[in-house]
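These two chains come separately, so use the hints to put the complex back together.
Going line by line, the protein sequences match chains A and B.
In terms of the numbering used here, the first sequence is residues 1 to 249.
In terms of the numbering used here, the second sequence is residues 1001 to 1357.
Mixed in with the good hints, there may be bad ones.
[What the hints assert, rightly or not] Selected chain B positions facing chain A (in silico; Cβ < 7 Å):
id : residue
1  : R1137
2  : E1227
3  : E1228
4  : D1230
5  : A1231
6  : T1234
7  : M1235
8  : G1236
9  : L1237
[Stated by the list, open to error] Computed cross-link-like contacts, BS3-like style, restricted to lysine-lysine with a CA-CA straight-line distance of at most 30 Å:
id : chain 1 : residue 1 : chain 2 : residue 2
10 : A       : K81       : B       : K1134
11 : A       : K136      : B       : K1211
12 : A       : K81       : A       : K187
13 : A       : K81       : A       : K191
14 : A       : K187      : A       : K136
15 : A       : K81       : B       : K1241
16 : B       : K1241     : B       : K1211
17 : A       : K81       : A       : K136
18 : B       : K1241     : B       : K1134
19 : B       : K1241     : A       : K136
[As the list claims (entries may be wrong)] Negatives, chain A to chain B, calculated, CB over 12 Å:
id : residue
20 : L182
21 : R202
22 : R206
23 : T238
Hints in this document: simulated from the structure, not taken from any laboratory.
Here a beta-carbon is modelled for each residue, glycine too, at the ideal position from N, C-alpha and C.
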Amino acid sequence: MDIITAHDLSVGYGRTEILGNVAFAIPEGRITTVVGVSGSGKSTLLKTLAGLLPPLGGGFEFAGRPVDYRSEASLAYLYAKIGVLYQDGALLNGLSLYENVALPVRMHYPELPEGVVRDMVHAGLAQVELADSAGKYPAELSGGMRKRGALARALVLNPHVVFCDEPSSGLDPITSRLLDDLLLRLKAGFKMTLVVVTHELRSIARVADRVLLLNDGGLRFAGEYADLAASGDDFVRTFFLRTNDHDDT
Amino acid sequence: MSETILLPKILRAAEIVRVLSEIDRRTVDGPLALDFRDVEEFDSSTLAFLGHLADRLPGVTAVNIPEALARAGEGFARRPDPQWPERPGPAPAGSRRDRFLQALADRFVNRWRVLGRFMALLGDEVYHIGRYLKTRRGVYPGETWNQMFFMGYRSFPIVCMLLFLVGVTISITSAEQLRLFGAESFIADLVGYAMLRELVPLMTGVILAGKVGAAVTAELASMTVLEEVDALRTMGLTPEKFLMVPRLIAITLVVPLLVAMADASGIFGGMVVARVMFNILPRAFLDQMVNTVDWTDFAWGLIKTVVFGWAVVVGAGFKGLSVGRSAEEVGRATTESVVLSVTLIIVIDCIFAFVIY
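Just chain B, same shape as in the assembly (with noise of 0.2 Å):
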């Protein structure tokens, strides 16, 4: 038995949303025709729902379609494939498990180029470097100056401050075991020689990480993506020079200065809990302190806290100048900075442990 559904004077999509909810009620089995004869406006949503009717709903049949519906559907007629929008790639070569083996050996390979290429970046580094303090040439006047304003003053206090949070926490934490066996008198010992060679380093690098090795990448990744790396190249500057040098130098003549009033900000922070728990003076806990650890310790933790220093600069730069040309990309090398500085940090702090101990 045949049915006909009268279409409304305006097709769009809101009326064909109910025209198909009433296909659906339909109760009657048999063929269904859809009578367009009084359909005077419609738009793209109209053309695209005769496309349907002939694709997906064998049964129903459109009849009487206005010439200028029927005009307009000519200039449809090229509808996309089924798989269309997702791009048809090409047909995966070989078994599964090879597959899985070359997937997993590109990302190898892959992960060697990064690694030469940052070496190649750090050797460019010291060469620039190197030519830089020979000839003072390729560098903006000044901007080593910016460099270590940024780099020092702007993150000497948030430094400091955590470090003698650190040198609190490490002070009260250790406190209840030395009490235990009535050794409260070591805990100087302790803060010094942790502070020093340890926890200094490794905050300050962190800290370094986050605020400086951020801010690096951010600038030089906007910088990339805004052309104007590609302008101080075609001014015949070497962007990996005028812009990494001045940073470079900025952080090994800013770090020992952070470095010693990390230390100072440490050891005061145990100071005052040996003060307040054990009742040790000040100038006691000094004196047992320069018993145990030396100028040595305070040399390593320096000498550590400049390599995290260009670590953390570098592989900022590296980030930052290997940025597509997409304004996203910023944001995603800005994390990927964070993440390798850390790592590298850890690295290097692993590998001076078996140098030094």
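For reference, chain A alone in the conformation it holds in the complex (with noise of 0.2 Å):
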């Protein structure tokens, strides 16, 4: 079953349109990844499906139902369903690691005790191995540590769908490789549904189920990661061509 479906897609900012009348479809319980050169709106169509950027043009369903940017309710919905990984962590730099993964339990749950809630953060930070490092503030972590508590809020209330803006960025291979395997993890064990943009051809090959590949402002391949061998389009051969050459998984 697919939990996302777009159709006609437009998005951009202001007037500028990056991707225009794109459709593909994100189906549950798997890792798709979106792909593309640097500015081909990676980044922007994931900020559109996370309820940050309206769309240009076209739309979207979220488990079914239609997004609705002009509608709070529309967007209420949606954001209770998903977390986000942001590139830099986005944690709040005035709340130590456990506040921040606190944070959304505290503010939807305010009638929680909080030793729940502290069992809940508990949980959440052991599942990324940050839990020795709860009371530490983000000024005080380092970069791979910021995305993993980043990915501990993210999950903490359970969501369907979990986005990821270039979990791998920056990061040495060691870290990005713990990143990868937390996602099959969540997978695996949770059934959860990820949608990782990404151009880390590496973490591509060793996490992707399905791939969305964008270029020139539109979508050039969307389908299974184990049919981009057979496909017959150059520039989908030419940017995946690297990944037989360094995988080394």
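Right, dumping it as structure tokens:
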């Protein structure tokens, strides 16, 4: 079953269209990677799907319900079902890691006893192997730790879909692989749907079930990762050729 | 008469400069040949120099170009347009007068849009405060206290010191005029009235704009640039509520305290001058003052300052939450926020003057 279905979707900023009239589906319980060269509209598409940037045209459905940007209720429904891992984590600097992860729980369920919140936060941080750093502030964490902490925050309310904006960018290969493993564990263990924006070919080869390849303001390829090799499109082959050269997985 | 310059083995930017000056120094008219046969080491400046010869120096020819240089030059064949890197814009439509009027109209419409967005934010904040007071949800616990500490405790020394000095200044400057009419005793009336009604609200508002407004804008703008505001939104929180409501409640609660202390400081400043210059005892000064000013003067000053405080925080939040994605916009937004807040304070003060007097 598809959890997100986009039809004739155009995205961009102001009057500048970055991606025009694309149609695709994101299946439930799998990892879909959104790939493309820099400036192809990957992050812009992710922002639109995450309810942050109104589409310039067309629209999309989330869990069978059309997302209406003019309706607060529609956006609230979307936000309740998703988690977002931002490129630099976007942890609130004034709060400790514990408080950051506890934030969505406290805000949405203020009646929950602090003991329950504490256990939820601990479970989330343990999942990303950061339970020992709960008292630290974002400025005291490394880039990889910040991203893992942000992932814990995105996961703490058990969203249906997690959007990850370039999770491997700026990370060393070991930390990057750790994050990939984490995404695979989330998919296997919790049947979570993940939409990962990236251009790290190793990461794509490791985690992707499906691929959306963006280029020249459109969708160049949408399908199974396994079908990429059979694609007759020169751009698709050129883009992914490096995967085979560098793949050591 | 033809002349030839034999180029050196290493031909890079420094050597090219020497060759060009040699070409300029040439006294003999007629064609000139640059002999590249010895050139072994070259870089992109050499390739650009070859292109320059072809385009700009028609009387100069390049001969004996080594194969390696010619091969490298092939990759350099796509040369930029003469206008590059200027971005070619669309051809201007209409007459100069039409374009001027169009630009003026666009500017006017943009200003109206900005005003509309500002008023919408103000309306949102009133709604969010109402909702928060009713439901007590959507704001981080303890944040209002943090903001009160920052806006009140951290601001009160500077507010008191400046208002004391304003009290001193207004007394000294008016003292001479009052002395001319033998009306020294009215200094207490003047200081009390001016401080409570006008100077304390205005000065406190301006200090808040510089201290609180700039800090709020810088913080919110940084959060916007670092995607923290987006993160709040996708967590299902409303940044306009989560970030702004504690600040608005804090400013509403601390302003009365600030105003009371600022009034006291300003009047004390006037009292010191009265004692020193006119030998008016503090008790007499206060007795004289309370004959002229009453609690409505204090109340109007208080109301004005609360409104100024709101203008500062809403203006600062508006600027902070409207930035784009670049770090430089944080600085620009902070500056604009202070200008906006001070402008709003003066405009609102002017409106109050019509209403009160």
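Hint check results:
1. Interface restraint check for B/R1137: the shortest CB-CB distance to chain A comes to about 6 Å, inside 7 Å, so the restraint holds.
2. Hint on B/E1227 holds. Least Cβ distance to chain A is approximately 4 Å, under the 7 Å limit.
3. For B/E1228, the shortest C-beta to C-beta distance to chain A is roughly 5 Å, which falls under 7 Å, so the interface hint holds.
4. Hint status for B/D1230: holds, given a least beta-carbon distance of 5 Å to chain A, under 7 Å.
5. The criterion of a C-beta within 7 Å of any C-beta in chain A is met by B/A1231, whose closest approach is roughly 4 Å, and the hint holds.
6. A hinted interface residue such as B/T1234 counts as satisfied when its beta carbon comes closer than 7 Å to some beta carbon of chain A; here the least separation is about 4 Å, so the hint holds.
7. Annotation: interface hint on B/M1235 holds; nearest CB of chain A at approximately 5 Å, less than 7 Å.
8. Contact between B/G1236 and chain A, as hinted, is supported at the beta carbon level, the nearest pair being about 4 Å apart and thus within 7 Å.
9. Here the hint on B/L1237 is kept, as its CB sits about 6 Å from the closest CB of chain A, short of 7 Å.
10. Distance check on the hinted pair: A/K81 and B/K1134 sit about 26 Å apart at the alpha-carbon level, within 30 Å; holds.
11. Taking the CA atoms of A/K136 and B/K1211, the gap is near 29 Å; set against the 30 Å cutoff, the hint holds.
12. Distance check on the hinted pair: A/K81 and A/K187 sit about 16 Å apart at the alpha-carbon level, within 30 Å; holds.
13. The hinted pair formed by A/K81 and A/K191 meets the criterion: a straight-line CA distance of about 14 Å does not exceed 30 Å.
14. Of the pairs offered as hints, the one joining A/K187 and A/K136 holds, with about 28 Å between alpha carbons and a cut-off of 30 Å not exceeded.
15. For the hint pairing A/K81 with B/K1241, the CA-to-CA distance comes to about 21 Å; that is within 30 Å, so the pair holds.
16. A C-alpha spacing of about 22 Å is found between B/K1241 and B/K1211, which places the hinted pair at or below 30 Å, so the restraint holds.
17. About 28 Å separates the Cα atoms of A/K81 and A/K136, which keeps this hinted pair within 30 Å; it holds.
18. The suggested pairing of B/K1241 with B/K1134 holds, with an alpha-carbon distance near 13 Å, which does not exceed 30 Å.
19. Between B/K1241 and A/K136, the direct Cα distance comes to roughly 26 Å. Compliance with the 30 Å bound is thereby established for this hinted pair.
20. The Cβ of A/L182 lies farther than 12 Å from every Cβ of chain B, with a closest approach of about 19 Å, so its non-interface assignment holds.
21. Remark: the non-interface label on A/R202 is consistent with the geometry, its nearest Cβ contact in chain B lying 25 Å away (cut-off 12 Å).
22. The beta carbon of A/R206 is kept farther than 12 Å from every beta carbon of chain B, the shortest such distance being approximately 25 Å.
23. At the 12 Å boundary, the C-beta of A/T238 stays outside the reach of chain B, the nearest C-beta of that chain being 20 Å off.
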